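Engineer: The task is simple: from the sequences and hints, build the whole structure.
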Amino acid sequence: YYLMDIFTIPANLGGFPALSIPFGFSKGLPVGVQIMGKRFDDSKVLRVGRAVEKSSPYNENGRFPMAEVTR
5 YYLMDIFTIP ANLGGFPALS IPFGFSKGLP VGVQIMGKRF DDSKVLRVGR
55 AVEKSSPYNE NGRFPMAEVT R
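Its first residue numbered 5, the sequence shown is counted upward by one per residue in the working numbering.
If you are wondering where the hints come from, they were derived from the structure by calculation, not from laboratory data. Take these hints with a grain of salt, some might be off.
[Unchecked claim] Straight line, CA to CA, 30 Å or less: simulated DSS-like cross-link-like pairs of lysine-lysine:
(1) LYS42 to LYS58
(2) LYS58 to LYS48
(3) LYS58 to LYS31
[Unchecked claim] Pair ranges (Cβ atoms, derived):
(4) SER47 to ARG75: 40 to 46 Å
(5) GLU72 to LYS42: 36 to 42 Å
(6) VAL56 to GLY18: 19 to 25 Å
(7) VAL73 to LEU17: 31 to 37 Å
(8) VAL56 to LYS31: 20 to 26 Å
(9) THR74 to PHE20: 34 to 40 Å
(10) ASP9 to ARG75: 27 to 33 Å
The structure presented is a predicted model; accordingly, all values stated were derived computationally and were not measured. The C-beta atom is built at its ideal place from N, Cα and C for all residues, glycine as well.
Structural biologist: Written as structure tokens, this is what we have:
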């Protein structure tokens, strides 16, 4: 499971506020954006995250579509 957390380690160890937001699809696969801020600047990270969510062309009715699973 270590490799799944590879992108969260700097934020976790440094105490930086961070979040990951779905931001659409590339070649049918979901992609996201990670936002990190200064220590104790959680509210700014959340505000930026909300602005990014609203600006995404994939944001429909406040919800992101699910990726299609094909077999």
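Engineer: Any hints this thing doesn't respect? Which numbers, in order?
Structural biologist: none
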